[in-house]
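Q: The whole structure should be built from the sequences, with the hints applied where relevant.
There are 8 protein chains.
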Amino acid sequence: MRQKIERLLKEYKEGTIGVDEFINELKWFPFEEIDFAKVDHHRVLKHEFPEVILCQWKTPEQVAQIAGKILERSNLLLATRAGLEHFKAIKEIAKDAVYNEIARTITVVREEIKKDDKKGKILIITAGTADLPVAEEARVTAEILGNEVELLCDVGVAGLHRLFLNLDKLKDASVVIVVAGMEGALPSVVGGLVGVPVIAVPTSVGYGANFGGIAPLLTMLNTCAPGVVVVNIDNGFGAAFAATLMNRKF
Amino acid sequence: MRQKIERLLKEYKEGTIGVDEFINELKWFPFEEIDFAKVDHHRVLKHEFPEVILCQWKTPEQVAQIAGKILERSNLLLATRAGLEHFKAIKEIAKDAVYNEIARTITVVREEIKKDDKKGKILIITAGTADLPVAEEARVTAEILGNEVELLCDVGVAGLHRLFLNLDKLKDASVVIVVAGMEGALPSVVGGLVGVPVIAVPTSVGYGANFGGIAPLLTMLNTCAPGVVVVNIDNGFGAAFAATLMNRKF
Amino acid sequence: MRQKIERLLKEYKEGTIGVDEFINELKWFPFEEIDFAKVDHHRVLKHEFPEVILCQWKTPEQVAQIAGKILERSNLLLATRAGLEHFKAIKEIAKDAVYNEIARTITVVREEIKKDDKKGKILIITAGTADLPVAEEARVTAEILGNEVELLCDVGVAGLHRLFLNLDKLKDASVVIVVAGMEGALPSVVGGLVGVPVIAVPTSVGYGANFGGIAPLLTMLNTCAPGVVVVNIDNGFGAAFAATLMNRKF
Amino acid sequence: MRQKIERLLKEYKEGTIGVDEFINELKWFPFEEIDFAKVDHHRVLKHEFPEVILCQWKTPEQVAQIAGKILERSNLLLATRAGLEHFKAIKEIAKDAVYNEIARTITVVREEIKKDDKKGKILIITAGTADLPVAEEARVTAEILGNEVELLCDVGVAGLHRLFLNLDKLKDASVVIVVAGMEGALPSVVGGLVGVPVIAVPTSVGYGANFGGIAPLLTMLNTCAPGVVVVNIDNGFGAAFAATLMNRKF
Amino acid sequence: MRQKIERLLKEYKEGTIGVDEFINELKWFPFEEIDFAKVDHHRVLKHEFPEVILCQWKTPEQVAQIAGKILERSNLLLATRAGLEHFKAIKEIAKDAVYNEIARTITVVREEIKKDDKKGKILIITAGTADLPVAEEARVTAEILGNEVELLCDVGVAGLHRLFLNLDKLKDASVVIVVAGMEGALPSVVGGLVGVPVIAVPTSVGYGANFGGIAPLLTMLNTCAPGVVVVNIDNGFGAAFAATLMNRKF
Amino acid sequence: MRQKIERLLKEYKEGTIGVDEFINELKWFPFEEIDFAKVDHHRVLKHEFPEVILCQWKTPEQVAQIAGKILERSNLLLATRAGLEHFKAIKEIAKDAVYNEIARTITVVREEIKKDDKKGKILIITAGTADLPVAEEARVTAEILGNEVELLCDVGVAGLHRLFLNLDKLKDASVVIVVAGMEGALPSVVGGLVGVPVIAVPTSVGYGANFGGIAPLLTMLNTCAPGVVVVNIDNGFGAAFAATLMNRKF
Amino acid sequence: MRQKIERLLKEYKEGTIGVDEFINELKWFPFEEIDFAKVDHHRVLKHEFPEVILCQWKTPEQVAQIAGKILERSNLLLATRAGLEHFKAIKEIAKDAVYNEIARTITVVREEIKKDDKKGKILIITAGTADLPVAEEARVTAEILGNEVELLCDVGVAGLHRLFLNLDKLKDASVVIVVAGMEGALPSVVGGLVGVPVIAVPTSVGYGANFGGIAPLLTMLNTCAPGVVVVNIDNGFGAAFAATLMNRKF
Amino acid sequence: MRQKIERLLKEYKEGTIGVDEFINELKWFPFEEIDFAKVDHHRVLKHEFPEVILCQWKTPEQVAQIAGKILERSNLLLATRAGLEHFKAIKEIAKDAVYNEIARTITVVREEIKKDDKKGKILIITAGTADLPVAEEARVTAEILGNEVELLCDVGVAGLHRLFLNLDKLKDASVVIVVAGMEGALPSVVGGLVGVPVIAVPTSVGYGANFGGIAPLLTMLNTCAPGVVVVNIDNGFGAAFAATLMNRKF
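Residue numbers (my numbering), protein chains in the order written: chain V, 1 to 250; chain F, 1001 to 1250; chain W, 2001 to 2250; chain S, 3001 to 3250; chain E, 4001 to 4250; chain R, 5001 to 5250; chain P, 6001 to 6250; chain G, 7001 to 7250.
Hints should not be assumed to be uniformly reliable.
[What the hints assert, rightly or not] Straight-line distance between alpha carbons at most 30 Å, and here's what the computed DSSO-like set of lysine-lysine pairs gives: (1) R:K5121 <-> R:K5171; (2) W:K2004 <-> F:K1119; (3) F:K1171 <-> W:K2013; (4) G:K7114 <-> W:K2004; (5) S:K3171 <-> S:K3095; (6) V:K114 <-> V:K69; (7) P:K6249 <-> R:K5118; (8) G:K7004 <-> V:K118; (9) V:K119 <-> V:K4; (10) S:K3004 <-> P:K6013; (11) W:K2088 <-> F:K1171.
What the hints contain is simulated information worked out from the structure, not anything from laboratory work.
A: What follows is the structure, encoded as structure tokens:
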């Protein structure tokens, strides 16, 4: 872009082109070549982290190819919703790739992940064993994005003592992610106890009238506890990403 | 019916009819004249209480007419979903009728309601002011059906202290009815604290994704707290009736 | 907890700490160490029965591990939604484990199940062969929880005679559980005949507009028969547990 | 049409036009002028009965205008979903118009309605007072279409005795229409008792999870009683029309 | 039953029991032993045809066992939703069993199916190849129930000429069954052309917004063509059974 | 924009700013001041027609103010979903404003609407009186956008002759808009007869299972007739706008 | 048909039949034998292209048989939703058949596809890798129907720069097809940038609250960008067909 | 509480009670009297701000009574979803109450609202005039909670230039709230441009397939732009509250 403008300025100075021609030439350039990174100049996060690969619906070959390109220019890689076949394909181009079977994530970490002193801790609470995959996806994502993360499992509304036994962890968190498929009420309870943002993640796990996550989704949207926000069903990655943007010490 | 059988027996004895004619005559009688109350011979409750009038979709005249017939043979009357116009119509035939504007019930009580020593207390918990009409319908119903009732208002999941401040009331109850439109998780929390049946009543009150009560209904159905059962949206009457059947001291 | 308080009292007596420090120390303790069993002191049921394992979404290893811990302190074990692989894993640590293929339950019973004289009989009615698994889950659960149970199969609304032929069983029951996927109306009919609580369990079995159990669920919620309450689709366990809480002789 | 063909035949005979021109002229005529009544030559019903006016969404003027045209060529008129304002407009052009406030129908009957000896009786069963408008719409429609009709009110699944007390009416019917909003199971029960077609009409009347008639609609579609068919929610007219087509003595 | 009444009459005559004892003894008998076939005395159809087996959710053993019992007392057998494994099991006890792979029916016919002269022809119209299984289930059912049946395939709304080319078949039918998953409008078009009952069967076949048959179901319910009634999604059997009840010549 | 660039060029030529400053200044300008009309340079339509006012949810004052601004620079005005109160407000600032009560549109036309020779005719077909408002909104919109429009009313699937009687109109159209709430199948039938784009507009008018337009929407989406596309429920304006973009003679 | 009319005319001329007989003979012929192609005489498209085979729900044998018939009279063949097994079956009768694994299409092209000079270019935009199969189905269909097609992949709302970098392609298109499952907003954005019809195709691909394509479908229907129309979920073929009808240069 | 513990300590010191009695006395106190504010000790926000009144479903008297109590101990008051009648009631007890008719909020501000230097700016973007009430509720809430707020109206996806013209405002915001009913895609676009949390608020405003806000809700949940979270339909208050918790300068 700079070259083009320099050339245009030169031509203008030399009188080869007039104002009209100059403007005409410029007209489309911002859309054609605009340096979009500039729009995001304060998006520290994105600057430091490359594109994330959503493996679902991609072939292992496609995933490996994208991963290869990312690793040429980055020391970090995150791929989500990855099957074993995706991992095998990436493994061939990156021996140090790590597969988390529960989270279904593939990660490559070739430099120490920078911690930001202004960031606090993200607490991930999960209601049941069945919600663990989504919670783990959130944990892996949040960690590679540079957050300190703590995971608290099997905390349910029907047995509040588990939650109360961990009140100190709640008090320490800067953001709380609550992952639940059958215990859709958990974010409400947590939201009533803490004074930080609570990100609720409904999961599609549950029988009967769970309806693929609609039941906990509706419960979470209808919460009366202010400070609770919701992301898509099973979207552990999205919750972790949003939590990263919110993660700031008091 | 008795007459008919007596007559048939007489004719048989006299030889006017044989076994075949006798059976033939009997064939349809059970359906025609069967004393259905007998089927219910252990339904103490129904024996003691007359039909309840659902005023909705009935004209004041229709309601007053039914009420008149009931009061001819009973000292108790309960009408639900009653508007002021229904009350006025009943008032004309029963000066002692009482209207509960919040519960939208009309009651006539002309004898002391018998309490059953084997029955304990029904606790009705309501999450918000907006749920009060349904909770009141349950209270009025449960009381006229002979239960001791206690009402605990404005108890929410997002502010659990209100609930914990009333733990003693929870401990005393034989059945708990939880009425909630926006706090669909409340029955789960209550179900985790008590050892008696919890009847959850979703209400259609709430904004956004309440969807006319579907959200709390689904939340309640998906509860992980065993011992929680659900009735129809806004069905305070049904909850109270079922609670009466379950109400037994320990 | 006792130790901590004893120590604090000692320090206070000795003048090492004042009232303020004492209170400060106490502030969090109830949440940290509260003896939750006390909250439940009248929950006879829970006292006598250990945690139930929901096998679905758990690996055989996870299930076996939990089962092992339970059997260390209990002579009874119930695991629901269990596959054969879960059974095999438990079998290795408990030779006397029993698998019910239809109910998909695993049970271990190492002492005679105590019957409570104040409890009556639970009648489980099922509309069709396809509803049997849910009904069986309810039966196994209710029995291990100490109830006398009777199972009545293949009773349908479209053929009422099967029901009427068993009126005596209806009359004998203290609670009735009705399991139905295509015959969503059955609980209404039963509710009209008995004077005890009826727990309706919709099942996801059925073709066409059953919609995974939504159709019978809605039918059951809309019942006009008072005394009918509903649990989640396919939730045989929940129905049995709630029935146990309601089960009391007249 | 006849004229046109006569003219064409004449021209052809005279040699003015050839086969090609003849065919060309004919090409579109069947669509343009076809006597559609001929397609329906065995539709006795339609032959004897004029168009029915659906008043909803029509202005009184529009309704009166259509009614006027119908009455020019017919001695019978049926208008459904009519408000008082529609009736007033028709009254001005037909002094003998009759308004049924419950059914919301307007009828004009200027000749004796012919009964067909081969037709039997249509029995309309309604579950509750609230379902009466739809049942009445069906009754008025069925009667003006020449059927003998009997209406049986307030028959519910939760109180089967009302139904059994009227078994003889069920036995006499050639077609049964069952109208129900809260008692969606009623058509199943009726279908199990009779050997004739049962037309189920869900109504939008009901509270809670009736959902504008979806609940009884699903119940009715899922019936296990063969011989039960369903029409649209609140569609009393449609049920009566279909019943008329099915109404034949045994 | 006869024995019991004879004994009671004898005892009464002998003076062993009085009228009260007599009535008391009778009280429950109608429900216990009532000859339900008598209720159905005009259900010619049912009399002539035994129970139909719904194989889905039944094991081959269960199906074979039921089939065996039916064949002991009947020369006709119909099983629907049958897999090959069900057929094999039946084949072992009935060598002459016939499997229709498309309809997924098993039939045994050991006597000539009686035709009723008063019955006309049932026309089954299907919109596409994908709807054929449901249409075939209807055809097999209707034929074994004693109807003359004609099947007309691949008739679509978007190509009306196929329908118009078969107008004569429409004119000949006493009942029309229209089976469609993507062409939900077809029953409306057919209903506008014929003067006999039209039974619409939505199928779950279709992509995109078919939603398991909801789309054609709604289309069919909303038809403006009077005389159209609807059965459950994919319910070819139910359509054929209802059609049989309606099938009467003009 | 031109001024700014001229000034920058001048400053650059004079040496006041360098290339870097120049680029820096430019960086945001395309987003800040880009002449978006240029992006649309071939959008003939938008060039010739000003913004359309959606009156719904706007106060009469807001609408009048926007209308005033539009009329300062344009001779044409279209406002949709307008109530009488909106019309009165506009009338005060534009005496020549015209209100179409059925379409609920306000139009001002101060110059002859240019017709484009390359455009053909748009045919709007409506199934029933109740669909007329949406059809009229489409007609008014299409006409002010410069199309020749023909409106064909009361054409239904259940009575195809009305459609066939107007085949010539179908043949003449360049685009067909089909508006239907109860006759959701109409676009399929039309799509099977013509060779031009068919825009289907579902309407929310209908009773029973219309569900606010969902039923016809699903029917239209599931059409098998290629060439049929769908717009939002009741969106007559959108259909007309899209039709204008598609309207081209053959 | 011609023969029949010639014969009738001859008989009429000879006096064998009169006008009445002549008309009577004609009455049914238009429906029986009408040359439907004539109705479509301006449907250039259909004339030039044979029936398309929807392979889904058809056996390979059925597909091959239909394909064989089509290839007897046509040099072009298109089969959609084809599996490998369908391809193998067609391959046996047409060695030159081509299978597109992503699009799941089978094509045979035995003559140069005619391009129409009046047609412009169809641009297909797809939001993600997962939407590619539907986009490819659209591309293959549009090309065999004689359109020039360009495919633009991986353009998302959350990263608008990809779209802006391709503004020139948007400007060149005569019709734009936007295929998206997770980026349901993309058609709105595109519709705001172009002045030609935009056909939105929701896809069923996506996790969480995509709900089988309902989410993008609703988003697309609710677009505020005029000129956007919608087809069924995953209906790439339908989009391409409709686009072909709309494809005209400016 | 302090008194009680002091007394207990004194009694213990004096030997009146032992450790057991001491513990026994303490057992229930945490639930009975626990100072819940302590649980929230770092919830700066809640400390500084009193309870918010949701006026909907409350009578003016109820609202005024609660407001009176709050104003006794606080200089700030916020009431949401308030009608004019609620305002009048509060006005009587607080002359300085202010009513915002669009936002439907009542506020009393009797001290300068403290700004927190660590907080940045909240940007509220609204897509259309119809979304203004929800956006205003968010603005009023956010301001009284101590945030700097900027409101940007009428920014739509179909006309992106409005958004791009305000890129600087996007760059300055610490949190962005996007309110949209018909432009459900707007949060995705905004989320793609900024690097801060985006809170999406679906509104129930829109016609056709908006379905009371379900359409924009689903669109927002399905966003591919990371950093976007969702609150309940129309929940401007909740969005502002959550935004306050997230509002921190970079």
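Q: It remains to establish, for every hint, whether it holds in the given structure.
A: Structure-based check of each hint:
1. With a CA separation close to 10 Å, the supplied pair K5121 of chain R and K5171 of chain R stays within the 30 Å bound.
2. For the hint pairing K2004 of chain W with K1119 of chain F, the CA-to-CA distance comes to about 42 Å; that exceeds 30 Å, so the pair is violated.
3. Taking the CA atoms of K1171 of chain F and K2013 of chain W, the gap is about 35 Å. The hint is violated against a cut of 30 Å.
4. Annotation: proposed proximity of K7114 of chain G to K2004 of chain W is violated, straight-line Cα distance about 42 Å (limit 30 Å).
5. Taken as a hint, the K3171 of chain S and K3095 of chain S pair is broken in the structure, with Cα atoms around 40 Å apart against an allowance of 30 Å.
6. With a CA separation close to 22 Å, the supplied pair K114 of chain V and K69 of chain V stays within the 30 Å bound.
7. Note on K6249 of chain P and K5118 of chain R: the hinted pairing holds, with a Cα-Cα distance of about 11 Å set against a maximum of 30 Å.
8. Distance check on the hinted pair: K7004 of chain G and K118 of chain V sit about 42 Å apart at the alpha-carbon level, beyond 30 Å; violated.
9. Straight-line distance between C-alpha atoms of K119 of chain V and K4 of chain V comes to about 42 Å, which puts the hinted pair past the 30 Å bound.
10. Distance check on the hinted pair: K3004 of chain S and K6013 of chain P sit about 17 Å apart at the alpha-carbon level, within 30 Å; holds.
11. Pair hint K2088 of chain W plus K1171 of chain F does not hold up; C-alpha atoms about 41 Å apart against a cutoff of 30 Å.
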